[in-house]
Structures are given as C-alpha cells and as structure tokens.
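Combine both chains into one complex, guided by the hints.
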Amino acid sequence: MLKNMLMVLTLGTMFAFPVHGSAETSPTQTVHESVDTILALLRDNTLEKADRRAKIRANVKARFDFEAMSQRTLATNWKKASEQERQQFIDLFSQLIENTYIGKIEAYTNEKVEYPGEKVKGNKAVVETLIIAASADIPVDYRLYKKDDAWLVYDVIIEGVSLVSNYRSSYQEIVMKEGFGGLLAKMQEKVDELQNEPAPAPADTATST
Amino acid sequence: MVKHMKQLIAAVLVLLIPVCGIAAGAVTLAYTGSTNLVTQDSAPDNSLLADAGTTSPAGTVAEDDDLPFMDDDDTVLDVYDPLETVNRGIFWFNDKMYFYVMKPLARGFRYVPEPWRVSLKNFFNNLYSPVTIINAALQGKFADAGNELTRFATNTTLGIGGLFDPSKEHFGIRAKEEDTGQTLGHYGVGPGPYLVLPFLGPSNLRDGIGLFADTRMDLAYYIWGKDKDNYDYLGVVAIKMINNLSLDKDTYEGIKKDALDPYLFVRDAYAQYRQNQIDK
Chain A
0 MLKNMLMVLT LGTMFAFPVH GSAETSPTQT VHESVDTILA LLRDNTLEKA DRRAKIRANV
60 KARFDFEAMS QRTLATNWKK ASEQERQQFI DLFSQLIENT YIGKIEAYTN EKVEYPGEKV
120 KGNKAVVETL IIAASADIPV DYRLYKKDDA WLVYDVIIEG VSLVSNYRSS YQEIVMKEGF
180 GGLLAKMQEK VDELQNEPAP APADTATST
Chain B
0 MVKHMKQLIA AVLVLLIPVC GIAAGAVTLA YTGSTNLVTQ DSAPDNSLLA DAGTTSPAGT
60 VAEDDDLPFM DDDDTVLDVY DPLETVNRGI FWFNDKMYFY VMKPLARGFR YVPEPWRVSL
120 KNFFNNLYSP VTIINAALQG KFADAGNELT RFATNTTLGI GGLFDPSKEH FGIRAKEEDT
180 GQTLGHYGVG PGPYLVLPFL GPSNLRDGIG LFADTRMDLA YYIWGKDKDN YDYLGVVAIK
240 MINNLSLDKD TYEGIKKDAL DPYLFVRDAY AQYRQNQIDK
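Protein sequence lines, in the order shown, are assigned to chains A and B. Note that numbering that gives the first Met the number 0 has the first sequence beginning at 0, numbered continuously upward. Note that numbering that gives the first Met the number 0 has the second sequence beginning at 0, numbered continuously upward.
Quick caveat, the hints were computed from the structure, so don't treat them as lab data. Virtual Cβ for every residue (Gly too), placed ideally from N, Cα, C. Incorrect hints may have been included.
[Said to hold, decoys possible] The calculated label-pair distances, taken between Cβ atoms and stated as ranges, are: (1) B/186 - A/176: 32 to 40 Å; (2) B/208 - A/53: 43 to 51 Å; (3) B/145 - A/113: 39 to 47 Å; (4) A/176 - B/107: 34 to 42 Å; (5) A/185 - B/95: 18 to 26 Å; (6) A/50 - B/98: 27 to 35 Å.
[Said to hold, decoys possible] Which bits of chain A does chain B cover? Going by a derived footprint, with three or more residues having C-beta under 8 Å, they are: (7) 32 to 43; (8) 48 to 61; (9) 89 to 100; (10) 133 to 139.
[Stated by the list, open to error] Counterexamples of contact, computed for chain A against chain B with all Cβ distances above 10 Å: (11) 149; (12) 172; (13) 195.
Looking at chain B on its own, in the form it has when it is part of the complex (with noise of 0.2 Å):
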C-alpha cells in the first residue's frame, strides 16, 4: 500500500515535470518552445508563401503590392501530428495540473525571496552541465563546449557549488543551450510525431528520447537518482520544475489569455522554438 503510494507520488511529480518545462521554455515563449515536427514534404506551403509576397493581391490596397516579405525569412514549420486527438487530451489534463497543482505549489515558492530562488535555479543548472558540454561536443562546437567546461569549473568553485553564476556576472560568459534533441536533429533527426508528454508539455518522438537520455548526463542523476525507483531523483527534478516556474512570469497564462487556439500556439511555438535551437 505504502509502495503504491509511493509510485503514485512518483507518477504525478514525472507527470507534472513536463508542464512546468513548457511554461519556462517556451513561453517566453513563450510564446514558448517546441517539438518540432517538420515535415519536409509540405513544401506547397513555402510555395504558396512566395507566390503570396511577390505577386499583387488582387484587392485595391496598392501599398500592399510592394512587400517582399514572403519570400526569404519565413519558414514555416508544418507540425506533424498525427496524434491530435490524444495530444489534445493530455494537454487539457496538463492545464489542469499547472492551474491546480504546479502554479499553486510555485505561488507558495514565491514567499521565498528571489534571490534565493534564482540560486537554487543556478545550483541545479550547474549540475545539468555536462548535457550541455557533452552535447556542444557532439555536435563538433568544441568552443562552445570549452565555454560551459569553463563555466561549470568557474561556477562550482568560485560560485560556490553552483549558487552563483560569476562566469555571467564577472566574465561575461553566458550560458549555452544544448540537449541530445538538438544533436539528433543536428545530424537531421526529423522531430518525429508531436507528442504532449503528461506534465512534460510539448515535444515529440526525436526530444522525447533527447530527454530521456538528457537525465543520464544530469549530475543531479547520480546523486540522488541511486535508490532503484528514481524517487528521489524525480522529486529533485519536481522542486527544480516548481522552482522555475516560481521565477518564471505567467508565460502560459499569457498565452491562454492571447491564443486563439492554445493548443495550435503552443504546438506551433514549441517546433519554431527547437528548430531555431538546432539551427544555431
């Protein structure tokens, strides 16, 4: 009974892991970040893209005829979904959980001054490092790699464990984002199908497998993911996602409030967002 317990706790803290990433991923996404599923077949739509800038619309709006935006700096991500139905159903059950559960639980994480919060984010980014070197690597941005080696040395030592970020605030060395998504796709991994993972939030088949591989290079992984079920390690990631979304400035709420089509707009910010993390 107890161990039931126990596992249902587990279920609902990996659960609500992916709501919090969506809301301080993309959101600022916001507007958000994504799976991207980019279905390169779909090329009518660029198609139609620049046949729409440079021919003149039929109407009478004479200024209108001479943009040329269409053509070069858009491209638009058609986001393979085949699982919409279902997609759609573990998003509205995430939305509950981030109104009910996670954003209630973050409000209470606010009575902690922001400072503090901002050094737990910083602790726990420091030991998610080697993703990021690893990935960098991988990937042959041996520049960027030797950048978050150094940050991590300088951030462990000076930062004490992790709680401050001087490679920031004194050398100006900013932080990286690389993940085992993004090497996939850098060697042109597609996305995938789309998927709403429960409490993850957006992603799909090439991220999600990222993902899972992403926690085996998380430091925090070997210190607290040693019991056989991972129950102490899924409740760190829990405080890290709560944490995070404590500091993070209602980017989901903007966009329930905004987005004609919640759904759509996270769906669609989510494959613009990675694809833009792999192309750089």
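Extracted from the complex, chain A is given alone in its bound form (with noise of 0.2 Å):
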C-alpha cells in the first residue's frame, strides 16, 4: 500500500515535472529514474493497453531529444533539408525511435536493471546499464547531453550498436538512392504500418511470423 502511495508520487512528480531534474541529478539518476518508471508502468496490470503506451510515450517524449538525434541520424542531409522537411523528419523519426526503444525495453520488463557506471565530461555523458536475463546480459547504454540542467538523451547504444549510427548508414543509402522525399516516403508508411498494428504479444508466446 506504502509502496503503491510512493509510486504514485514518484509518477507524479514526474508527469509535473516532465523534463528536468535539478541541476544535481546525476545522468545516471536521470536514466535510472526513467527506466524504473517505464518498467512500473509495463507491470502495471491495471492499465489499459493503449493508456499504457502513451504514458510511456510521454516518459520516453520528455527524455529523449527527438532533434538531437534526428540532426545527428541526418548529418550532411540535415543542412541540405528544408526547415519543413526536417520537422516533418523528427516527428516520423521520433515515433519510429519511440516504437523501437520501447519494442525493446517490452521484451525484457521482468528482468532486472544494473546499473555499473557512468562518464562524464563536460556537458556529456555516458550511462552504462546491464539488463541480466536467464540467458544473457544485454549491456545497453545512454548517451546524454545537458541542456538547462536537464540531461536529455540522444542516443541508445545496444551492444554496441547505436542506434544513431545505425540509422544514420541505412538512412544515407536510402537518400543517395530515393532522394530525401523517398526517404520520408518510407518513414511514413513504416509509421502507418505499425499503427496499423494490433499491440505486440509478450515475446515468449510471441505468434508473429
């Protein structure tokens, strides 16, 4: 009951407070926070499906920088893009990212989190986590940058795969080949797609095909 009354405020807290954090939070507590709070809402059996996806949307909204990674995803083809083009880029490629991170943290909402460190330098830094399955540990680290005191995040390294970079060479292929409206083209139907799509299973019964 305490514990329930605790969540409560801590979700409060930060649905009241959605970006920041004070100057002192560390990046970790920065990530360690989130995360928690994304994991108490997928075990949260009292929600509804859909309420519980915008709830994490909203968490995920607040801490990743949506523009940041879409400059960096872009690169060259940023400066060559229309302010209309980018925007129209950060708000499929937010949604993409979104669905991607939070397809991934679904698969492993019962395992536990570790946490063995962070770098800092500067405005920067790197927050490294372990999730500890049966049957491997998946190391996946933040990358984050302050931006008023707030640290925000701006890429997603899953064994050692950024998802940035990662993007970013399949992206530039796409662009050289289609243009940058092809590319927005596929963003866009890639995003009606999973719309489209009813809510995934759990992975271990997973029907897909």
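Laid out in structure tokens, this is it:
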C-alpha cells in the first residue's frame, strides 16, 4: 500500500516536471528514474494497453531529445533539408525510435537492470546499464547531454550498436538512391504500418511470423 | 540415395546455423551483430559529419547551432558490399528459412522449461570455451584468458559438466566474448567484403574464415565431429542454434518491424557490433 502510494507520488512528480531534474541530478539518476518509471508502467496490470503506451510514450518523449537525434542521424542531409522537411523528419523519426526502444524494453520487462557505471565529460555523459536476463546479459548504454540543467538522451547503444549510427548509414543509402522525399515517404509508410498493427504479444508466446 | 538425403539434411542444417546466429547475436540487436567491412578510404564521411556538427545549420532552428555532437563519439562504418545483389538474395532466403523453419522449431523448443534450455545453452557455451581462451591469449589479453579458463574449470566441475554457470552466479565472473575473427581484426585485418552466409546470416570474409577456425577449437567438434562428414557436429550446431533462438526475444522480428530496409539495418548493425567487439 505504502509502496503504491510512493509509486503514485513518484509518477505524479515525473509528470508534473517532465523534462527536468535539478542541477544536481546525475546522469545515472536521470536514466535510473526514467527506466524505473517505464518498467513500473509496463508491470502495472491495471492500466489499459493504449493508456499504458501513451504514458510510456510521454516518458520517453520527456527524456529523449529527438531533434538532436534527428540531426545526428541525417548529418549532412540535415543541412540540405528545408525547415519543413526537418520537422517532418523529426516527427516521423521520433515515432520510429520510440517504437523500437519501447519494443526492446517491453521484451525485458521482468528482468533486472543494473547500473555498472557512468562517464561524464563536460556536458555529455554515457550511462551504462546492464539488463540481466536468464539467458544473457545485455549491455544498453545511454548517451546524454545537458540542456538547461537537465540530462537528455541523444543516443542508445544496445550491445555496442548505436541506434543513431545504425539509422544513419541506412538512411544515407536510401537518400542517395531515392532522395530525401523518398526517405520521408518510406518512413511515413512504416509509421502507418506500425499504427495499424495490433498491440504486440509478450515475447515468449509471440506468434509473429 | 540415402546418402544424398543425409547430405541434403546436413546442408540445410548448415544453412540454418547462420540465421540463428544472426538472430541471437545481432539483434539485441539486435539489433544485432555484423561483419564489419570498414573501408578506411571512406574518410569523406567523417569529415562531413564533423562539418555538420560544427557549422550552424542554415535553417532557423536556433537551438541546433550549439549541438557539438557530430565530432567525437561517432564512427561511421562504411560497409564494403560489392556482392550486394547476391547477399540480398541469400538474405531473402535466410528470412524465409527463419520464419518457416527455424522459428517454428524454436517455438517447439519453448515447451521445454526455460531453465533447462538455459542449461543446454550453458553446456554448449562451456564446450566452446577454448575458442575464447585461445583467442583472448592470442590477443595478449591474458587476464581475460585466465578469467575464461577459471570459468571453464569451475563450470565443468561445480557446474556439472557446464550445465550451470556458478562462475557467474556465485563468483561474479562473467563471460567474455572472443573469437578468431576478432583476433584477426585485433591485428589489423580488415573485414573484407560483407557476406551473408546461407543459414548463418551476416558475416564478412574475415569473420567467415574466423568462424571456420573457431569450429576447430570447439570441444563439441571433437566429441561429435569424428565421423568423416561431420553430420553429427552439424546436427549439434543446429540444435544449439535453435535452442538459442528459443531463448531470444524475437530480435529479428523487431528488426523486420522497425527497419525501413532490414538488409541495410542488419548489415550496418553487424559492422558496428563486430567493430565494438574488436575494440574492446
């Protein structure tokens, strides 16, 4: 009971002050808090599915800087894109990243997460986390930077593979072959596809084919 | 006739192996692991990135101007993929094998309680220990080689032939991953052309050769590989792959769902994954 109360308080606080953390909040605390909040939402059986997704989404949005991610992902293509194209890209890209990241986290809802360490250099930091699953330990590192006293995530590295770098190479190739418009069209198609899909089944009983 | 059937089955099993490897490795990959073809002559990419980071975007988004991101912590691996057409064909084939053969088999395996499957995985990993020990030593990482040797001795005895992992559970000694491809990379051998191996998935010339050498250090090869044609060993490898796949949390499905072009996604993830392993 007390635990639930605390949970409610914690969640309430998170939502009341979405992006922030005081100046003293360390990068690890920041990530720890967000991961705990998301895991708590995933484990909360009283939530409706759509409701849960929306809440998780709000959390991810508050913690990830999608504009920085978009800029890094597009690199040179970002410079060439018009303002409108950039906004469209940020919008689509954030939906894709959210989906990938949340899907990943969902698969490991019941596992323990450890925080082996962090490296801070100026206004940038890397927070290491380790998901301890029965069959393997999965390293997931978060890259953050400080913006107005809050630490924001601008890349996630899963088993040594950076999400941003990975998207960058594929996207670059698509832009080269089909132009920026082609890339946006493909992204839009993917986003529509993901939205029309029923909520994913738990990994162990997955029937995806 | 019978002999041919046997060969056919063996061939199919060999093919399946890569797929499983892909799924299990990269993914978490997922997002996945990869053969790295890093062409060093692609320096223009890096300079472009640095450029993007340090100059103000022409646009009106003021906040962007001071994001000093592109310069330091990113390496872009350009994958050398002259065989893309062929690779895409094999990728398509592996994809079908994954969904119509490997995954259904792995789903069948899921009827076996998870702790048993984890034990089976531990058992095969333990037999694979010489690969890690030898390659850590070859790279001069003697502390890691000792670490792996200790794990092997402990898990073979206290862990009852490797079925359990008391090294990790009780002594906190966690496994390292080393293989011949990494050793070659450590000494400066580039990845060579990217290859999608039938059944085995993403690789490259260097890692493909490394993989062959690895099998010769796998104790399972000496236990089950005695018959002339290695069918027993291939069968063991296939079981190992399906079992690992049964423990995997649908990594490949995730990639298929999220990626605009799964082929490119896996290829680039593999390159990063391997480079990361080599750099460690």
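Hint-by-hint comparison with the structure:
Between residue 186 of chain B and residue 176 of chain A the CB atoms are about 36 Å apart, so this pair conforms to the stated range of 32 to 40 Å. At about 50 Å, the beta-carbon gap between residue 208 of chain B and residue 53 of chain A stays in the expected band of 43 to 51 Å. About 24 Å separates the C-beta atoms of residue 145 of chain B and residue 113 of chain A, a value inconsistent with the hinted range of 39 to 47 Å. In this structure the hint that residue 176 of chain A and residue 107 of chain B lie 34 to 42 Å apart at CB holds, the actual value being about 40 Å.
Residue 185 of chain A and residue 95 of chain B have their C-beta atoms about 23 Å apart, which keeps the hinted 18 to 26 Å range intact. Our hint of 27 to 35 Å for residue 50 of chain A and residue 98 of chain B holds, since their Cβ atoms are close to 32 Å apart. With a cut-off of 8 Å between beta carbons, the region 32 to 43 of chain A has 0 residues touching chain B; three or more are needed, and the interface restraint is violated. Using a Cβ-Cβ cut-off of 8 Å, 0 residues of the region 48 to 61 of chain A lie near chain B, which falls short of the minimum of three, so the contact claim is violated.
A stretch counts as covered by a chain when three or more of its residues have a beta carbon under 8 Å from one of that chain; for the region 89 to 100 of chain A and chain B the count is 3, and the coverage holds. With 5 residues bearing a CB less than 8 Å from a CB of chain B, the region 133 to 139 of chain A meets the requirement of three and the coverage assertion stands. Non-interface call for residue 149 of chain A relative to chain B: holds, since the shortest CB-CB distance, roughly 14 Å, exceeds 10 Å. Not every CB of chain B is more than 10 Å from the CB of residue 172 of chain A (nearest about 6 Å), against its label as outside the interface.
For residue 195 of chain A, the requirement that its beta carbon stay farther than 10 Å from each beta carbon of chain B is met, with the minimum near 12 Å.
Of the hints listed earlier, those the structure fails to meet are numbers 3, 7, 8 and 12, in rising order.
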